[in-house]
Amino acid sequence: MDKIVEMIGIDKGFPGVQALKDAQLELRKGEVHALMGENGAGKSTLMKVLSGIYKKDAGEILIRGKSEEPVGPREAQALGIGIIHQELSLMNDLSAAQNIFIGREPRRSLGRIDDAAMNRQAAELFAAMHLDLDPAVLVGDLTIAKQQMIEIAKALSFDSEILVMDEPTAALNDAEIADLFVIINELKAKGHGIIYISHKMDELKRIADRVTIMRDGQYVGTVEAKETPVAKIIAMMVGREVNHEPLVVPDLSEFPVALEVRGLTRGKEIRDVSFDLRKGEVLGFAGLMGAGRTEVARAIFGADPLEAGEILVAGETTRITSPYDAVKAGIGYLSEDRKRYGLAVTMDVAANTVMPNLERFTSSTGVLNEPAIDVATSDMVDKLKIRTPSIHQEVRLLSGGNQQKIVVGKWLLRDCDIFIFDEPTRGIDVGAKAEIYKLIEDLTARGKAVIMISSELPEVMRLSHRILVMCEGRVTGILPGGEETSQEDIMTLATQRETTQQNAGNMQ
Amino acid sequence: EGEYVALVSKGFQHQFWQAVQSGAEMAAEELGVKITFEGPDNETMVDKQIDMLAAALANKPAAIGFAALDSQAAIPLLRDADEAGIPIVAFDSGVDSDIPLATAATNNVAAAALAAEKMAEFIGGKGKVAVVAHDQTSRTGIERRDGFLDKIKADYPDIEVVTVQYGAGDQLKSTELTKAILTANPDLNGIFGTNEGSAIGVVNGVSEMGKEDLVIIGYDSGKAQKDAIRSGLMAGAITQNPVGIGYETVKAAVMAARGEKIESEIDTGFYYYDADTIDDPKIAAVLYD
Amino acid sequence: MTASVDVKKEGGFLAGLIKSGAHQKLLAFASLIMLLIGFSLGSPNFMQMSNMIAILQATSVIGVLAIGVTLIIITGGIDLSIGTMMTFCAVISGVFLTYWGLPLPIGVLAGIGAGAFCGFCSGTFVAKMKIPPFIATLGMMLILKGLSLVISGTRPIYFNDTPGFSEISRGSLIENIIPGLPIPNGVLILFLVAIGTAYVLSKTVLGRYTYALGSNEEAVRLSGVNADRWKIAIYTFAGSICGVAGVLIASRLNSAQPALGLGYELEAIAAVVIGGTSLAGGRGTILGTLIGALIMSVLTNGLRVMSVAQEWQTVATGAIIILAVYADMSRKK
Amino acid sequence: MTASVDVKKEGGFLAGLIKSGAHQKLLAFASLIMLLIGFSLGSPNFMQMSNMIAILQATSVIGVLAIGVTLIIITGGIDLSIGTMMTFCAVISGVFLTYWGLPLPIGVLAGIGAGAFCGFCSGTFVAKMKIPPFIATLGMMLILKGLSLVISGTRPIYFNDTPGFSEISRGSLIENIIPGLPIPNGVLILFLVAIGTAYVLSKTVLGRYTYALGSNEEAVRLSGVNADRWKIAIYTFAGSICGVAGVLIASRLNSAQPALGLGYELEAIAAVVIGGTSLAGGRGTILGTLIGALIMSVLTNGLRVMSVAQEWQTVATGAIIILAVYADMSRKK
Ligand SMILES: Nc1ncnc2c1ncn2[C@@H]1O[C@H](COP(=O)(O)OP(=O)(O)OP(=O)(O)O)[C@@H](O)[C@H]1O
Ligand SMILES: Nc1ncnc2c1ncn2[C@@H]1O[C@H](COP(=O)(O)OP(=O)(O)OP(=O)(O)O)[C@@H](O)[C@H]1O
Ligand SMILES: [Mg+2]
Ligand SMILES: [Mg+2]
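Residue numbers (the working numbering), protein chains in the order written: chain E, 1 to 508; chain W, 1 to 289; chain F, 1 to 333; chain R, 1 to 333.
Same shape as in the complex, but just chain E:
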């Protein structure tokens, strides 16, 4: 088999951080090579070195056996290297097609753009991906799931022989992931090489041929995906065994209701949503992308307006018109889009962690209690194993997963009664995931109520005492958690269109 990429002894340092020490990677023609590692292990950095965005401090890169040092995306493209970045880098004010063909617009004379042709090509691209999207829609108006699909389409449109995918499925749900894998297999068949980064272990078996594991910026080893048990790979990543005990669904019938929602309605996005949530309960929200879970969560949290519906907190009807009201009522919401709604990325870890809690750290004269803030932050950093050189490092300089951990941390620090977690483990490594699951279980053990929105069914099933399934903005059913509920049961409800609506409502 001929190697198309060889990276040997790569070093890369940033102020205060040695991101890569003697890292290495080898990619063959027609292989899907998974790159695994904890948050902050250096995966994205290594890929940015390969695609000419960062300049390596030391080491060698061989492309098709020839030593190369691409500088800038341009040269990388010329070498046939394409990359899907972990953090979305799209132009929100441009349309899907314009984003995909930026810099390669089909032109007429005098620098005029042939938009018709461009939209046609984009449409074809989407069709090939089984993606139903208007090429002319403004990217800023899409959910991150759709935006992620556009990033993928863009990368594919280059038809690069070497394609890097940095956590492409973090924002995707199962249906879309399946579509993506079909595409990946087609590329394989064409002899392209794919470097695939993901924290979703199950994906390894499904597409990866070989797996390279990194830890703390160092090369740990490369193994055959099929032969190697996931547990071994995890052990290589984390340096220890991660074992999760099966879920025990407690009997909560005695517990008081923490949150009750009656007939929430807004346009097509939220249609007559009702459910209740008991103290100590984890209520999972399952559904396909666009099912309206986030919309419901945001509505309860007062982030978006409502047309109709009633929200009762601990039995009291509560008027929530803004997140301020919600937090006062003891509700916390962890948003699914950390960059847009979760973090002030130019501020440091401490500032972000205490953002919802400032009054707790403020004297009557409005003076901040810095030492207390630093202590609280350090605790959270240790608890969530956030990898950062200092609690005063700017958040934007942290790795994606570590940023996500901060969003989780800021709500754990805020002692709410009701937590709404929307995709809390997006981009978080297996080790840390287990930690967060434990933290959520601790919360419920302490009588907190939790709503868990996740597009990863296993995750929903792993944690939920009950599972609420949504489709097209409606609640199509609420299933019991634990063994007796299977993925199939959930999917049938998740895909239950308008027609068979009535029996959904009265299942609760």
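What the hints contain is simulated information worked out from the structure, not anything from laboratory work. Here the structure is a predicted model, which means the values were calculated and not measured. Keep in mind that a hint or two might mislead.
[To be verified] 25 Å max Cα-Cα, derived DMTMM-like pairs, lysine to aspartate or glutamate:
no.: 1; chain 1: R; residue 1: Lys130; chain 2: E; residue 2: Asp325
no.: 2; chain 1: W; residue 1: Lys48; chain 2: F; residue 2: Glu217
no.: 3; chain 1: E; residue 1: Lys339; chain 2: F; residue 2: Glu218
no.: 4; chain 1: R; residue 1: Lys128; chain 2: E; residue 2: Glu75
no.: 5; chain 1: F; residue 1: Lys128; chain 2: E; residue 2: Glu75
no.: 6; chain 1: F; residue 1: Lys128; chain 2: E; residue 2: Glu69
no.: 7; chain 1: F; residue 1: Lys130; chain 2: R; residue 2: Glu267
no.: 8; chain 1: E; residue 1: Lys328; chain 2: R; residue 2: Glu267
no.: 9; chain 1: E; residue 1: Lys146; chain 2: F; residue 2: Asp228
no.: 10; chain 1: E; residue 1: Lys55; chain 2: F; residue 2: Glu217
no.: 11; chain 1: E; residue 1: Lys339; chain 2: F; residue 2: Glu167
no.: 12; chain 1: R; residue 1: Lys130; chain 2: E; residue 2: Asp141
no.: 13; chain 1: E; residue 1: Lys339; chain 2: R; residue 2: Glu267
no.: 14; chain 1: W; residue 1: Lys223; chain 2: R; residue 2: Asp161
no.: 15; chain 1: R; residue 1: Lys128; chain 2: E; residue 2: Asp325
no.: 16; chain 1: F; residue 1: Lys130; chain 2: E; residue 2: Glu394
no.: 17; chain 1: W; residue 1: Lys60; chain 2: F; residue 2: Glu175
no.: 18; chain 1: W; residue 1: Lys211; chain 2: R; residue 2: Glu218
no.: 19; chain 1: E; residue 1: Lys55; chain 2: F; residue 2: Asp228
no.: 20; chain 1: R; residue 1: Lys128; chain 2: E; residue 2: Glu359
no.: 21; chain 1: R; residue 1: Lys130; chain 2: E; residue 2: Glu307
no.: 22; chain 1: E; residue 1: Lys55; chain 2: F; residue 2: Glu175
no.: 23; chain 1: W; residue 1: Lys48; chain 2: F; residue 2: Glu218
no.: 24; chain 1: R; residue 1: Lys130; chain 2: E; residue 2: Glu75
no.: 25; chain 1: R; residue 1: Lys130; chain 2: F; residue 2: Glu267
Dock chains W, F and R with the ligands against the given chain E, drawing on the hints supplied.
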């Protein structure tokens, strides 16, 4: 019968223009006409003034009083007015065109020359002086500066004008600027400020630098300047007759509108005044607060 | 499909003028209409052909400036130098025509070229030297202000020896075609510039990158586009538009006034923002800017024609600007 | 730990003045030093106690204004009204002291209060009515300009009947303590305001939210913070600082000059940006702003003391601003 005269001036916020306006209103009162008085924020806004003139024409006034920032630029509109049979009276400074029937103005060059003479007297015909002017390009700015400089050059070879700086008539800017001039020229004998704002700026600057033996000649009046002259901080100042300018302009405009004949050159005159003459009725009449 | 598409984004021609925010623009337009109605009721003299033309005439220069700076603002930048740049270009035309007695077209081209050159400088400062646009153009503002005074010898330059020159903005081709409609060429030029720029914005690569850079410059770089070069191109193009404004004002005043210009940048930028372009970049339309500029000059003219006392004119202008934009906002919701 | 920490962020007191960009600020400082050296070589008269004091005094008003607008800019906003707001506050003090003959402290408080009120209005327009800061404060700029003229009857208001008033900026407490060091109170006040504001920015909730709102307003809102109320608070605070500037300038000129103030906003904002605060919001320091303001006034004063012809002064100022910032940038790399 509700005759209405539109005055488009060079400014309106500054005391000088307020005084002109009050004169104009006086005349309007007497002659039973209505007036409007408008001017741009500063004397560089030539085109803003043209727009004001255009808006004034839209209201079909019986006559127009116009203090041109730049006569050339205004000519097309003046022609329109002429064709519409609206008589035009120029004020403050002339309009080089035969359209205005009369001009009520101060001879700024002569006035500044008088300031130069007085300056020379005070410093004994030799030494160093500076000029703090209010504008580098506007007509009044140029005429007062050059009137002063030319007079010095012509008649006082032993007097050196070390620098001319422009403070846009802004008291604060003129103050800082004066202080810088004094720092650069410790041996300065006198400063001429070419309008109220500049003159007050000079006074502030000099007093903040704690210089006593410096001759300051100002221009126009206003409370602060009058106080400075009374207290001796300022040797004296040139005053025009702003009230007179406004009054004569409206008077001439109305007469012209009523088809009466008017003389074409109305020199509203200027005077030099100091602590002794400031209360002399002839002077006091043309000073404003 | 394309058809349905075009209207949604900067494609399709008229749509080009309107762009994504068709809806919104229509609303800014509503504020304009309301102002016109209000003033017509306020003063019988307002709604006259001659006054309407005066308003358009007053809009022409600021309008062209605003169109130029719209491009810069869409890229997420700002240009404080447009006012003095306009003057600088006027002075350069003056030098070519009056001092050197060169033929009219050359003088006009010189003015526009000067603008393009200034734009190129600002662009280079911003794109290559990475100086924040605010600083770079503040510097240019002062440099050009000084140079205009130096070159002109702090004296206005008159164009009396080039009779054709004042026709550029004062003459009226339209009247020759449609007698009784004496719309001055200055206004004609304003609309031509508007249409041309809207076309560039909506139909060409330059326009596409203008929006792209304002939307997410990093993403543009990551896509392998030579962002710097395009940014310089945009600043140069905007500069040449300022050059046109310079020629217009010189011809309107039949003279290059070296001290004039400061403060125009604010008026122009205000027009742009009132027209619905966001200073954050990425969004904006030429039509919006045109309407914004018209709102401003209708406001000033209307209040004058109603002979409101000047100090109250200022108060009213401020209040109405806030209200107009607020009305817009709330209507959009 | 905290200790090691403080210097890195808005903590630790002196560090508070310096904040995250210790490194960078030091560099802007370098440009300032180089200017001082340059001018001392250029003119023997430059480096005199009296001139240094003149420079500081020239900085006092603009400096205070710049400090106020720094807050707004850190939130990601802009305030164009500070110049005329300053004048408005001066006029209000004049009304209280001269027209109504009330005692000095009340007059001063009235001026500052007026500023706070104006800030509150702008803040409400921006936070509650969601009007873009540029428009809201442009409107305020005009409204306040007009009102100053109306209230004062377009006449300066003199403070001759309140002898103590001019001492506020002209007197020198420091000289009473350290004879031979006649630093005027105006300068003293500038530094007190700077230290106070730096403290608020680095040590209090208000300051924390100032940065947070500029960094990601949506994230702040979704953290359950009442973002609107805090934003209004920030604008109000900034307004009261403008009020101080108003009192300062009035006492300096011993009169409230209603026509003055327009254009000061640009100078102040320039100082802020030269000081390294980004117009995008989220970053900025008071120390930087102070240095930026000093760079500006050293520049103007120095060129004047070197008796450079005024038109060339303008050119030089523009060029040096660009160079200074560029030097900064490249050193930072
Ligand atoms: N621009 C930067 N400046 C400073 N430190 C950085 C920068 N980029 C990355 N780092 C640091 O380098 C380390 C590796 O980051 P990287 O993004 O490669 O991790 P990762 O393996 O992709 O993690 P994740 O799975 O969370 O995406 C992290 O500790 C991160 O904080
Ligand atoms: N920020 C947004 N702007 C525009 N439309 C949105 C936005 N967020 C969601 N939508 C739309 O609202 C509907 C519900 O989306 P939502 O994200 O709530 O679904 P979801 O069940 O949370 O799926 P996801 O897994 O993407 O969170 C979808 O049609 C989606 O396209
Ligand atoms: Mg990563
Ligand atoms: Mg969601």
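Status of each hint after checking the structure:
no. : hint                 : verdict
1   : R:Lys130 to E:Asp325 : holds (20 Å)
2   : W:Lys48 to F:Glu217  : violated (38 Å)
3   : E:Lys339 to F:Glu218 : holds (15 Å)
4   : R:Lys128 to E:Glu75  : violated (48 Å)
5   : F:Lys128 to E:Glu75  : holds (20 Å)
6   : F:Lys128 to E:Glu69  : holds (23 Å)
7   : F:Lys130 to R:Glu267 : holds (22 Å)
8   : E:Lys328 to R:Glu267 : violated (43 Å)
9   : E:Lys146 to F:Asp228 : violated (30 Å)
10  : E:Lys55 to F:Glu217  : holds (20 Å)
11  : E:Lys339 to F:Glu167 : violated (56 Å)
12  : R:Lys130 to E:Asp141 : holds (20 Å)
13  : E:Lys339 to R:Glu267 : violated (35 Å)
14  : W:Lys223 to R:Asp161 : holds (13 Å)
15  : R:Lys128 to E:Asp325 : holds (17 Å)
16  : F:Lys130 to E:Glu394 : holds (22 Å)
17  : W:Lys60 to F:Glu175  : holds (23 Å)
18  : W:Lys211 to R:Glu218 : violated (58 Å)
19  : E:Lys55 to F:Asp228  : holds (20 Å)
20  : R:Lys128 to E:Glu359 : holds (23 Å)
21  : R:Lys130 to E:Glu307 : holds (22 Å)
22  : E:Lys55 to F:Glu175  : violated (64 Å)
23  : W:Lys48 to F:Glu218  : violated (42 Å)
24  : R:Lys130 to E:Glu75  : violated (44 Å)
25  : R:Lys130 to F:Glu267 : holds (21 Å)
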